[in-house]
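Q: Going line by line, the protein sequences match chains A and B.
Residues 1 to 200 in our numbering are what the first sequence lists, from first letter to last.
Residues 1001 to 1648 in our numbering are what the second sequence lists, from first letter to last.
Just to be clear, a hint being listed does not mean it is correct.
[Unchecked claim] Computed cross-link-like contacts, DSS-like style, restricted to lysine-lysine with a CA-CA straight-line distance of at most 25 Å:
no., chain 1, residue 1, chain 2, residue 2
1, B, Lys-1084, B, Lys-1068
2, B, Lys-1045, A, Lys-158
3, A, Lys-114, B, Lys-1045
4, B, Lys-1227, B, Lys-1396
Bear in mind the hints are in silico, worked out from the structure with no lab data behind them.
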Amino acid sequence: MPEVLIDGKRLDFEDTEGDSTLGDLLRAVESELKAIRRFIADIRLDGQSSGDWRTGGRFRSPLYGFSEISIETGSVDAAALEGLDTVTEYFKVIKGEISACVRDSRLGGPGADKSFNTVFEGLVEIVKTIEALAGCADAFEIKLFSENPENFYLPLLKNLEALKDARTAGDPVLVADMLEYELTPFLNGMESRIFRCPEA
Amino acid sequence: MGVLENNLAAIRRKGGTDLLGEAGCGAVTIEAGRKGEPTFKYNGKYFHSLYEPLKEAEAQADEILSKKPDWVLLFGAGCGYLLKALIGKGHERIIALDVPEILNSVLKSVDLSEWLSKDTVFLCSDMNSVTEKVRNFTDGFDNLLCYSTTPYRVSFPERLLEFTNRVHNAHTTNKVGIRTDIDSRMSWIENYFDNLRSLPLHPPIDSLKGRFKDVPMVIAGAGPSLKKNAHLLREFKGKALIFAAITAYKPLLNYGVVPDFIIASEKVDLPEYFTFGEPDRKTRLVLAEVSHPGMFGRDVKGKFVFYNPYVGLSVAQAKHWGSSYFPAIGGSVTTAALDIGIMFGCDPIVFVGQDLCFGDNETHAPGGVYVAQNVRIDREKGEVVIEEDYVTLKDKAVSRFPLQWLKGQSGRPVPSKFDWATFHQWFENYMANLRKEGSPVKVINATEGGAYIEGMEHATLKSVLERYVKGAFDIDAVMEGALKDRKRVDFRGLLDSFQSMRKGLENIRKGSREILRETARIRKGLDKKGLSPGLSRNAERIKTAEEKIFESSGPALFIWESLVSNTYGLKEYLKNSDEGISVEDRFRKDLDAIECSYRKVGEMCAEFMPRVEAAIEFIQAEKEKNCRAGDPENPCVDCKCKKEAANA
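Given only the sequences and the hints, what does the whole structure look like? Please build it.
A: See below:
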C-alpha cells in the first residue's frame, strides 16, 4: 500500500480489495475536496511530478505499484481569480498588439503582419481561457462573470471573419479601421460587461 | 465657383497648368466615410480611413516630420488629408504627385484650394512636373523625403518606383549643379578673360539664326549605340546638318563621317579629341565663351561662339559681342545643340548616340578617347566601377559612381549615372516645355538603344532619314551669308562695361575692408565685455556696409560667382547651425564666418583687378583699331582717326 499525502499530511486510505487504481483514489479525493472548494493542483508519484495524471494509463495504474502518492491541492476561488487576472492581462496585451497593428497598417510599418497574427491567436487564447474558467465556475457554482461570455462569441467571430476578409483583400486601411474602430470598442465592451463588479 | 474651379484656380495662381489628365475608365468614385469625410476605393482597397482620415494622416505626418525633411515628396495626395496634416503641423514645403485615375475625381469633388494655394505646396499630375519642381524649388543642400501611404505603395508600385527615381535623379542634378559651380565657376571666369582676344574674331552662333529652316539636323552623342547607325550618316552628308558632340567627333570619323559642326564647352583643353589633320579643317567648332582658350586655337574651318545664360560676365556683355541668344543648356553639349538646332530653324532634330546609360561593358562608342573600358555594375551595392584606358593616360583610370536608373527604350530600367541622368531629365523637361509652347518641331530619338526620352519620338535612324531628308543644301553658302551679316562688336559698350566693372571691384574691396575693420572691433569688445547690447551697433554697421557693397557692385557681380564655393560653404554652415551651443559661441562662430567671407571677397577683387585692367587695355586697342578701319560704330576715345581723316 502506498503512503498517500495531501498537502503534506498523511491520509488514511484503505485498499481493502487491493485492486484500486490511482483514478479511484483521485476521484475520491476530488469529491472530498469539492466540498471544501479545493481541487487537485498537482500530484507526485514516488517523488516524481506527474503532469499527465488525468489522462492515459496513469489514471488506471493500480495503487500497489506506488510507494508514495503526494497530492497538492489549490483553492478554487484563488485559482478562479488567477484565471481572471490572466484573461485581463491577455486583453491588455491584445489591445497593445491591436494598436501596434493599426499603427503599422496605417504607416506601412514592417510589423503589421506579425501583430495581426498575434491579435488573431491571442483572441483565440482569450476565448479558450474564458471557456475553461466558465466551466470551472459552473462546477463550483462560482459567479465569475457578470454576463455570460458566450453572448460575445458569435459577434467576436464575425469581427474576426471580417478582419480576415479585409486582410485577404490586401486592404490595410480597412484592416486598421476594423481593428481600431470595431474590434477595439467591441473588446472594451466585452471586457467591461463580463468583468463588471456587482453594483453595491 | 465649383470645387474643381477652386482647385484649378489655386493651382493656376502659382503658374501651374491644368492637372486633369487621361484617367481612362479607371477613375475612382469619391464616397463619404462614416462621418461624411471623403474617401475612395481603388482596386477594392480604401485609401483613407472611413472613420477618422485626418487622425490617420496626422499619424503619418508625425512619422514624416520625425525625419526632419526640408521637403516632402509625396506620391499620392488622395483627398488631401496628409497635405492638411503636414501644413497643420507647420510643414509647407510639399511636392505631391497623384495618378490621373485618382486626381481627376478628387479635384472635382474635394476642395483642396486652401492647401494648394500655399506658395510651396505643389500638386503635379505627371512625372516631368515633379522633376521640374524638384529642380526649381529645392536645392542640393535640402533634405528630401519621398513618402507614400500604404495603399498607394501597394496599388502603384511601378509608378512609385519611377517617382522615387525621378526625385532622386533631380536631387542628384541639384547636387551636381552645386559641385559644378564649385569646380567650374572660377575656371569659367578665368577662361572668359583669357578668351577676350578670341571673341572678336568668331561670330556668335546666333549669326546662323533661322538659316537652316526645315533642314534636318542630326545631333550625334558618343553613346555606345552610335556604332549601330553612325555609318548611315555618311550618305546624308550635305543633306542633313550633322552636329557632333566633341566626344563623338573621332568615332564618327571612323565611319567616314565628318560632322558639319563640333560643339564643345569644356573648361579644360582637349587636344586629344582632334586629329590635327585634314578632317579638322573640314569641320567647324561651336565653342562656349568659357571654353578653354586652347580650344579657340584649333585649326578648323571656322568657329562660332555661344554665350552661357548662367555666366554673369556673358549675360552682361553678350550683347556687346553681337549675341542676343543664350541657349538653354542642360549640362551637356548635346542639350545645348538641341536648343541651337531649334534656333537654326532645323526640323526634324534627330539624336543618335544619346544612350544616357551604360552599354555592354562600355560608356562610349569606340574610336574616341577611350581605348578600352571595363564597366562593372554592382546592383546590390548600387554602384558602378569604370576602368578605362584613356588616350592621354599611361595607367588605367578607375572611377566609381552611385548607380542610377532610367526608363529604357524597351520599357525596362537601364543603368545610368548622375551626369547622364541629369541630361535625361533636362531633355524630358525641355520637350515638355517645347510642347507646351506649341512648337511644331519634331524631335526624334534615333539612338538605337539606351534610355527612353519622354516627349521625343523614337524611331530608327534609317527610317527617319528616309522620311525627312529631301535635297542637298550648300552649307558653305549659308556660312558665308552669316559671316557677311554678322553684327558688329560693340567695343564702346564693352569698354564701358569693363570700366564700371573696375569701379565695382574697387567698391567691393573697399566695403570688404570696412567690414573686416568692424569685425575686428566687435571681437575686441567681445573679448573685453562679452556679449553686450553695444555690439548690435557694430552689427548694424556691417549690415549697412554689406548693403552698400551689393548696391555698388554693378557689372562686377561676377565676383560673387568666383566666390561660389565660399557661398555654398556659408549656406551649409547656416543649415548645420549647432544646437546646444552658447549664444556667445554662436556669435563668435558667425563672426569668424563673416571675416572669412569678406577676406576672400577682398582677395578675389585683388586677383581680378589686373585682369579687368588688361581687358580695358585690350578693348581700348581693339576699338581704336576698328575706328582706324573706318568703323563709325567704334570711334576711339579722342577720335584722332576721325580728325586725321577730316584733315586729310
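Q: If a hint holds in the structure, say so; if it does not, say that too.
A: Outcome of the hint check:
no.	hint	result
1	Lys-1084/B - Lys-1068/B	17 Å, holds
2	Lys-1045/B - Lys-158/A	20 Å, holds
3	Lys-114/A - Lys-1045/B	21 Å, holds
4	Lys-1227/B - Lys-1396/B	24 Å, holds
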